[in-house]
Amino acid sequence: MSYSPPDAPTFISRIAASPCCAAVTLPEHVEPALASGTPVVFVLRGNGLTLAPLVRRIHDAGKLAAVHIDLVRGLRADRASVGWLAASGVDAVISSHGQLMAPIRHEGMTAIHRLLLVRRGQLDSALTAIGRSAPNIVEVLPGVILPSVAGLLPNFGVPVLAGGFIRTAAEAAAAQAAGALGVTTSSRDLWTTDVD
Amino acid sequence: MWTESGPVHLPGVLIAGDGRHPVVPPAGIDGGVLVRDTELAALVHLAGNDRRPEAVDLDSVAGLGSDEAAVDFVTDRLGIRIVLSRRPQLAARAAERGHLGLVHIFAYDSTGMNRSLETHPHVPNVGSVVSPGLVIVHLRPEEVAGMPQPVVAYGFIDSVEDAAVCRRLAQSIVVRPGVAARIAAVEEH
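From first to last, the protein sequence lines stand for chains S and Y. Reminder that position 164 of the first sequence reads as 164 in our numbering, one-by-one numbering, no gaps. Reminder that position 163 of the second sequence reads as 163 in our numbering, one-by-one numbering, no gaps.
In case anyone wonders, no lab produced these hints; they're calculated from the structure. One should not assume that every hint holds.
[To be verified] Taking beta-carbon pairs under 8 Å as the criterion, some of the chain S residues facing chain Y (in silico): (1) Arg120; (2) Val144; (3) Pro147; (4) Ser148.
Using N, Cα and C, we set each Cβ at its ideal position, and we do this for glycine too.
Given only the sequences and the hints, what does the whole structure look like? Please build it.
If you want it as structure tokens, here you go:
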């Protein structure tokens, strides 16, 4: 029987209930993430071609799996690889490529568009891309500067996650105070922290 | 052929301009001009002015290639001695020619930053551009110290307060003209 990921509102509600999410970048991070209180495991590295067993373990631990399609090895960020991740049981896909948001949603997964904050002069084009892509969630990187730049961002109409250099509970709380629904972090100390 | 040689002075404040609107560093600060988001013809025109820009963000100049010939052109022909690029080999080329190369270090998260640093050539006269610059405030001291020097903080430094903090951590910052004017006004008092 094939797996059906939760719809986007359900995925979002899981994060809202426990907003510090584990970002896994190394194999040794997997076990602590599975043992933690994180509602979603964000897989930011690894082999995209052999993800299915890891995704099953994440589900067996009662968590949801989000995979960064641009960063995992073995996959090209395109429609076919979106289908591959759907078949692997992934619940959400992260990408900086706006054109992938529609295929991700079409596969029933939650679409997370990464907004990379480079400099102000490039912000308008990035925001336009997000406006076109209609993701379910926008993830802002580096999230640690979200409190400083939140005034430059529009109301996306969808939840915002903050990721990147969030290493302390104070930084996580500041990101939430700046409007983030939750944070993604590789700092294990935060994975079970409720900053509300 | 431009023949200026010797050590390159990296201004403490680089003021970003697009080449279409005149940018002059305000008095009272160690300022210079960084040209970015422009076109090749505008860059050449600017370089012919009395006040030549100190730096160029090579990757953002429409019409200009991303190769060593482009580096040689902006340094040797246009006399712009500070070259920013996300391509390490181009920054290294500027250094080889006796100029200052700066490689963009994309600091969106710690893993990505470290990967970006791994591609840095780590040779003399090739420094680092932390993008976005404001994140430097949140880096660990050892992370800043581990970056090839000099370090330029570039991006989202939009207030005098942020500029002051970033200047304590980086050798140079990039700001828009209005921010530079406010920095100069504060320093004057």
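Hint-by-hint comparison with the structure:
1. Arg120: Holds - the Cβ of Arg120/S comes within 8 Å of chain Y, reaching about 6 Å at its closest.
2. Val144: Because about 5 Å separates Val144/S from the closest Cβ in chain Y, which is inside the 8 Å limit, the hint holds.
3. Pro147: With a closest approach of 10 Å, the Pro147/S hint is violated.
4. Ser148: 6 Å, holds
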